[in-house]
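Start from the sequences, fold in the hints, and give me the full structure.
Number of protein chains: 2
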Amino acid sequence: MRLLHTADWHIGRRLHGFDLELEQRNAFAQIEQIAKDEQVDGIVIAGDLYDRTLPSEKSVGLLNQMLKQLNLTDQIPIYAISGNHDSATRLSIGSEWFLDTNFYIHTRVAQAFTPIEFGDSQLFLLPYFEPFEVRQYFGDDSIQHVDEAFAAILKQIKTRFAPDKKHILISHFFAAGSQTTDSETKLTVGGLAAVPLKLLADFDYVALGHLHGKDALRDPKVQYSGSPVKFSLSEANQEKGVLIVDTDDIEHRRFVKLSPLKDVKQLRGDFETLVNPNYYQTINRGDYIGINLTNRNQIPNLMSQLRKIYPNIIELKRANGYDDILHYDGESATNIRQSDPMDLMQRFYEQVTKQRLTADQLKWAQDTLHSVSDGGKL
Amino acid sequence: MRLLHTADWHIGRRLHGFDLELEQRNAFAQIEQIAKDEQVDGIVIAGDLYDRTLPSEKSVGLLNQMLKQLNLTDQIPIYAISGNHDSATRLSIGSEWFLDTNFYIHTRVAQAFTPIEFGDSQLFLLPYFEPFEVRQYFGDDSIQHVDEAFAAILKQIKTRFAPDKKHILISHFFAAGSQTTDSETKLTVGGLAAVPLKLLADFDYVALGHLHGKDALRDPKVQYSGSPVKFSLSEANQEKGVLIVDTDDIEHRRFVKLSPLKDVKQLRGDFETLVNPNYYQTINRGDYIGINLTNRNQIPNLMSQLRKIYPNIIELKRANGYDDILHYDGESATNIRQSDPMDLMQRFYEQVTKQRLTADQLKWAQDTLHSVSDGGKL
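So the protein sequences, as listed, match chains A and B.
According to UniProt numbering, the first sequence holds residues 1 to 378 in order.
According to UniProt numbering, the second sequence holds residues 1 to 378 in order.
You can take every hint at face value.
Note: identical chains are not told apart, hence a pair may lie in one copy or across any two.
DMTMM-like, lysine to aspartate or glutamate: derived pairs with alpha carbons at most 20 Å apart:
{"hint": "1", "residue 1": "K68", "residue 2": "E96"}
{"hint": "2", "residue 1": "K58", "residue 2": "E96"}
{"hint": "3", "residue 1": "K58", "residue 2": "E133"}
{"hint": "4", "residue 1": "K58", "residue 2": "E130"}
{"hint": "5", "residue 1": "K68", "residue 2": "D100"}
{"hint": "6", "residue 1": "K158", "residue 2": "D120"}
Hints are computed from structural coordinates only; laboratory data are not their basis.
Put into structure tokens, the structure is as follows:
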């Protein structure tokens, strides 16, 4: 039996103000094609289907359309759980009706204890949970932390193990030892406490969601699929894709890459290089680009100059900080007086709000400055 | 074939701050029992399942539970449409999966043109719509108003009429001639333009939602079921219930009443009567009560005195207005000085905000006044 393992679709997510719907539709189309080409027997979506607990109508419509395509049109079984970004209640609407077409979506801990037969395997779908839910479910006040909750859940799951089957857990949590931890002592990522890997030893495969990189964890039997789309600059160097898992050869699972419409890239360099055609002609300038500028000096109209070359800048940082133009000596005051008003305003706005002006704001400000200057008042 | 016709459940609705969940659960339990006792072949819900386009998680869970109970547990087909209070997109989640169990929920105009076979009848499920959707659907810019949109829709629906069947329309709109109109010239109720009844002449039955009273319209073939619960004081005198419609004897459809846990009542009288045990012992004082007070004079601690007797007051009006205590002559000033501070504050709050203090606010104000007085400062 063959599974396609994906997670963390985060439908509705934006990237520094840019709508990712087209990226997500593009990734979805590839996932659907892979599922067909590989003739998978089921698709695992390990949580965070939506980006937020209260998704917009547009997101609701988009996810519904994707799930219909896979399950009703392509007739592929779906095994999904809610993640920490999903509302369990909202995601569970209609779930009882979905069973007829083998679309399983588990949103409550209690549902994890009923295995789903999948050829030679049993699938256990354990949604994201808070320890208090498990405490209530077992009526056991000694369950305070996520590892205790997990231990109690897994103990009960194991009572449902059929000895002649493989046992696959689908879940959404932060596994201890994952690469995103800064150190062994850091216990939470994204608000989720770490679950010790040793608790998972009795499963043949653990299909995880939550961390967005497929390499967050190196374990023969436990893996994050990662998200299908890059959702931040920190994911710039990650490969995105899905896992193809054959239940009779789990350790040789394959990662199938997805191609983005626009990639996410981090550039670092000085202004002169970045605006030099010899440099930027080697770059996909339409990508979502974060710039780490090495200059320390003030550069008039910095952002608008960069945007002319890189239209989708999502972050602009100064690698080495920059010369403080606001300390009160004569030279700085002169600098300020000689500065381009637009540049001054942009820098002031960024310093105060930690955000860049939007294209609309920029245009409005430029028009205003222009009309004021025209009036001969400046 | 027998239909139960209901509408306007408005799950999530509040009555002047009171949660109606228990009332709605109680009405639902009765509806379910009626459906079983009458052995109906289907349940029509003619729009406004939710009270708002963005229902709370609690409302989502509650409606899902009710629909599951009727459709999956009791195995009764459901024929539902979205109303003007519903979000078509949110309500349509999962709708394609629901078809296997004969749970039809139509949220787009395009769905109205596919009749659903129902024994000797065809059901056409036409959701609430805005004229622009119909203009787009037909690509006809001459469709500007709701009556034009309706005419175009019904013309197309009629092309789908099977001649040997009865034709039943399920819809959610304001029918011209309905009783809530103040006059023939008033064209909208609840934001919906009126649809002329003559457009509906070719149907054997039109099961409507939108108006909350079953008697809003008197027509042998067109009827509002009304809501199962009273949602405002203006509905105090309405009977609430559901319609049982036999498709072979539509004109003799029956109205089956529902009993509320707490009724909604309007009382009118002077303060002395209202607080007199000989009077109020004849009243279900636990009902949701609107009081129309005939006194014009100032009454210290009016609301708290009334609430001691009628705990669920949802409105307090002065039938004849009241003596203005805020004009600036000596007597009024004396009145003000002699007034109970709580009463003054409540009246001031009501004059300014047009709302009454909540129980929490009242308690907080009383505690504060009490502690200030204790300190000897007043």
